[in-house]
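Visitor: Chain residues, written in single-letter form:
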Amino acid sequence: MESINSFDFRERQIDAYIEASLPASSGGIRRNGSHWRVLIARKLNAALETAFLILILTQGLRAQTSATADANSRLAQLERQAADAKSSADNAWMLTSAALVLMMTGPGLALFYGGLVRKKNVLGTMMQSFALMAVVTVTWGLFSYSLSFGAGNSFIGGLHNLFLKGVGAAPDPDYAATIPAQTFMVYQLMFAIITPALIAGAFAERMKFSALVLFMVLWTILVYDPMAHMVWGRGGLLNASLGGRFPTLDFAGGTVVHVTSGVSALVCALYLGKRVGYPGESMPPHSVVLSFIGACLLWVGWFGFNAGSALSAGSLATSAFVATHFASATAALGWAGAEWIRNGKPSVLGGISGAVAGLVAITPASGFVKPMSALMIGLIAGVFCYWMVAKVKARFGYDDSLDAFGVHGAGGTLGALLTGVFASSAVNPIFKDAQGNPLASGLFEGNAYQLVNQLVGVAIAWGLAIVGTLVILKVVDATIGLRVSEEHEVQGLDLSQHGEEGYYWEVSA
Amino acid sequence: MTKVEAVIQNSKLEAVKTALQEIGVEGMTVLEVRGHGRQKGHTEVYRGREYSVDLIPKTKLEMVLADAMVDKAVQAILGAARTGKIGDGKIFLSRVDEAIRIRNDERGEGAL
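Residue numbers (my numbering), protein chains in the order written: chain A, 1 to 509; chain B, 510 to 621.
Take the hints with a grain of salt, since some may be wrong.
In silico lysine to any residue, SDA-like type, Cα no more than 25 Å apart, as pairs [to be verified]:
id, chain 1, residue 1, chain 2, residue 2
1, A, K119, B, K594
2, A, K120, B, I565
3, B, K569, A, E506
4, A, K345, B, K569
5, A, K119, B, V542
6, A, K120, B, T552
7, A, K345, B, I595
8, A, K274, B, V562
9, A, K474, A, F143
10, A, K119, B, E541
11, B, K549, A, A440
12, A, K119, B, T552
13, A, K432, A, E506
14, B, K594, B, Y555
15, A, K119, B, E559
16, A, K119, B, Y555
17, A, K391, B, V562
18, A, K370, A, K274
19, A, K391, B, E559
Since the hints were made in silico from the structure, they are not lab data.
Whenever a hint applies, use it, and build me the whole structure from the sequences.
Guide: Written out as structure tokens, the structure reads:
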């Protein structure tokens, strides 16, 4: 009785299992006629087990006979997986960095500059940065990427990558072997956006919006693309790692970004002339609060700018990250400290301006110097840029309204030269002998000639920026005109150029 | 009826308001204003450029009172707003011809 009951119970269990595993539409199985089903299921199970055993045995035999071939293929598979993992890691960091660098322009630079102008120009100034996020993206995709990084001559890239032809998932081993070429392209795009946006600080509060757009498109083609190609492009005249004639060390764009934009800014300030009422009229920043938020966003974004320039997520990125942070810190202390000594008070604007100056100066050096060198570079930059902005500008009387030259031109030039002094082969063995052993990098390591290379790089950046910018200013001035009318300038760019106000004052009902 | 205008330090608004309420002043208008008397302004320095700021933020109270209240109100303001330093502000008194309550066209001191 008991055994029958027990069998009956198990049978029901199996029935229930079969019923549960069948789709609802097939209907239930009546318990009464299920004995034969159980028997068939058991036979089938036994047959399957036998087949499986045979399969394992044959596989084992095959494995024994072709052990070496199998090990090789597994090794190849592992290598592929390791490379994929590294590529994914690098790509994750590079996409993050690209986003960080875009954040430097909007809202970082837009807020930094927007706070420094008068209330009536806050939107116009922010729009200058924002417009470049859109305009340069289009030109970069259509032709500028090709002119910067496509194969060409020593001075400018060719047209092989027009419309991003050939820029896809496959890495370009010359530039960044572990990330898709498309990642490299979009990362470089963010640099092409912020560089012209920096210039806008010099002609703030008086340039026509239409003139700005035309100027910037031409500037990207005539100044940025050639400079980027010379320093970073394959076969570029100044390229340090791809066989340039004068190997200039510029890790993240001291010459390409800051010297070109800063010097062009000075040319613009001189060409356009002063703002109406400058310097007699009082034109203090309308909101240091906005500038403060912008500067702090710039500081954070700069980690993508500099550490991202390692083009991978390894220890070089860490080294550049640390150098960037350290230089910004001492530069903030340097500028605010200089003010404290001279004016009796350290200002907030001084602190954040110093931080930005330090970030500018460390940009070319970030992937080549040790943390203590970064502290030195930052401190020198903070004090030097304060002196440029507070003393030199006042002496010559040009109206570089938001100090694009005083911070980016001066700080970038200083940083590019100091890179030749402090560069260390222990951080980044960029120069190697025929056997692959690292050679001295900077002046302090005994490579005095590097300072000459840095000077050549800086001189070319200055020359290109001056000539290119002058030509473009003449062209834009002759065609659509550069400045807004005096009436519009007094009214403010927000209303005259965009028909809006940044701070619409409404009586609450 | 007399209009009392008092320009005071921003930080003294609460004290003055309380003192006026205590003596029975029922209404007032408060304005945020900028200006200067004999008090010198201050200088601000932005990136090495000095700006002298001579219009200093102040608070202005306006109220129209029945003549019987005016002396008490002036004393209340003097007591609450005075620090004894330059920049404490000023009080101006002027005659008011008429007061009209918009809600019911009531005229004179009854409209205050």
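Visitor: It remains to establish, for every hint, whether it holds in the given structure.
Guide: Here is how each hint holds up against the structure:
1. A:K119 / B:K594: violated, 33 Å
2. A:K120 / B:I565: Cα-Cα ~22 Å, so holds.
3. B:K569 / A:E506: holds, 22 Å
4. A:K345 / B:K569: violated, 31 Å
5. A:K119 / B:V542: holds, 19 Å
6. A:K120 / B:T552: Holds, at roughly 23 Å.
7. A:K345 / B:I595: Judged against 25 Å, a Cα distance of about 24 Å means the pair holds.
8. A:K274 / B:V562: Holds. A:K274 to B:V562 sits at ~23 Å (cutoff 25 Å).
9. A:K474 / A:F143: holds, 24 Å
10. A:K119 / B:E541: holds, 19 Å
11. B:K549 / A:A440: Measuring from Cα to Cα gives roughly 61 Å; hence the hint is violated.
12. A:K119 / B:T552: Given that 25 Å is the threshold and the Cα spacing comes to 20 Å, the pair holds.
13. A:K432 / A:E506: violated, 66 Å
14. B:K594 / B:Y555: violated, 28 Å
15. A:K119 / B:E559: The hint holds at about 19 Å.
16. A:K119 / B:Y555: Distance ~16 Å between A:K119 and B:Y555 Cα, so the pair holds.
17. A:K391 / B:V562: holds, 22 Å
18. A:K370 / A:K274: Not OK: A:K370 and A:K274 at ~42 Å, beyond 25 Å, violated.
19. A:K391 / B:E559: Status holds; Cα separation ~12 Å.
The structure is inconsistent with the numbered hints 1, 4, 11, 13, 14 and 18, although it conforms to all the rest.
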